[in-house]
Amino acid sequence: MRAVIASAPGGPEVLTVTDLPDPEPGPGEVVLDVTATAVNRADTLQRQGHYPPPPGASDVLGLECSGVVSAVAPDVTDWAVGDEVCALLAGGGYAEKVAVPAGQLMPVPKGVDLVTAGALPEVACTVWSNVFMVAGLQPGETLLVHGGAGGIGSVAIQLAKALGSTVVTTAGSDEKLELCRSLGADVAVSYRDQDFVEEVRAATDGRGADVILDNMGAKYLDRNVSALATQGRLVIIGMQGGSKAELNIGKLLVKRGAVIATSLRSRPVEEKAAICASVVEHVWPLVSDGSVRTLVHTSFPLEQAAEAHRLMESGQHTGKIVLTT
1 MRAVIASAPG GPEVLTVTDL PDPEPGPGEV VLDVTATAVN RADTLQRQGH
51 YPPPPGASDV LGLECSGVVS AVAPDVTDWA VGDEVCALLA GGGYAEKVAV
101 PAGQLMPVPK GVDLVTAGAL PEVACTVWSN VFMVAGLQPG ETLLVHGGAG
151 GIGSVAIQLA KALGSTVVTT AGSDEKLELC RSLGADVAVS YRDQDFVEEV
201 RAATDGRGAD VILDNMGAKY LDRNVSALAT QGRLVIIGMQ GGSKAELNIG
251 KLLVKRGAVI ATSLRSRPVE EKAAICASVV EHVWPLVSDG SVRTLVHTSF
301 PLEQAAEAHR LMESGQHTGK IVLTT
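The opening position of the sequence shown corresponds to residue 1 in UniProt numbering, with each subsequent residue numbered one higher.
Source of the hints: derived by calculation from the structure; they are not laboratory data.
Idealized CB from N, CA, C, for every residue including glycine.
Just to be clear, a hint being listed does not mean it is correct.
[Claimed, not checked] The following label-pair restraints were derived from C-beta to C-beta distances:
1. SER278 to LEU247: 28 to 34 Å
2. LEU20 to VAL134: 32 to 38 Å
3. LEU20 to PRO74: 22 to 28 Å
4. PRO74 to THR16: 21 to 27 Å
Produce the entire structure from the sequences given, and follow the hints as far as they go.
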């Protein structure tokens, strides 16, 4: 099979298409013929040498895909050859074939084409597990999501609105701010020339955000704590703004707040299966009825993975960037 690997840590130019042996399904696994995958920020970090795959995972990049089941282990009974599915991966999506634990497969939501489905699993599982399963966002509460025009942010806006929450989001251009509003954001804040702490307080009569979904890490830590409501929950899922910062524990104590840092890729297979099952139960109906959709900015063939990474790192895209086999 053709697959994309990073020949050495570095820029997009180190991404190489190579031939690798076709995978065989291990116990509890299925093999997919991949139709599409999507580029995630974690892929660019792995390419740079900063985010190695978990032990036992494929060195091939790619944390999600869609495709058709082509082989099934004898102990798997829920899936059959020919099923069209999408999948959450620990790696291996930038390839023509990938082996996946059966619990991390999900049916393609009704009304979603197979290529677009390749851009759904990572964002849906990330948003649902962090904002709802971990932070417990409730109807009537306020969510602050940073980077609302990106893949994760755009789904977080829609899902929170569909389930009855107020949404405040940040973005970096007029175009992206307008996109966030069109997706349902009640307040869209320019992180370039507005103070998101003040804007959150203004939008909530001074109360603050009940849940904050943050991909920046260190750079936003103090301001995020300032923006929290009493008993607010800050969920950190990325470190685009650095990994080390000083936490004002006194400020957090006064608010009886929580700071939670989570990752999805390194979780045990059983936890990922539980997340996928919950996404199918709670999120897929909203995708099928059009309440939540994944935005595909553009797509590239697998051989142009380097160009896809350049676009991701330029910050000029909105939503997801897809790679097709």
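A quick look at each hint next to the structure:
1. SER278 to LEU247: 28 to 34 Å: Check passed, 30 Å falls within 28 to 34 Å.
2. LEU20 to VAL134: 32 to 38 Å: holds (35 Å)
3. LEU20 to PRO74: 22 to 28 Å: Given a distance of about 24 Å, which is inside 22 to 28 Å, the answer is holds.
4. PRO74 to THR16: 21 to 27 Å: With a Cβ separation near 35 Å, PRO74 and THR16 fall outside 21 to 27 Å, so the hint is violated.
In this structure, only the earlier hint numbered 4 is contradicted, and the remaining ones agree with it.
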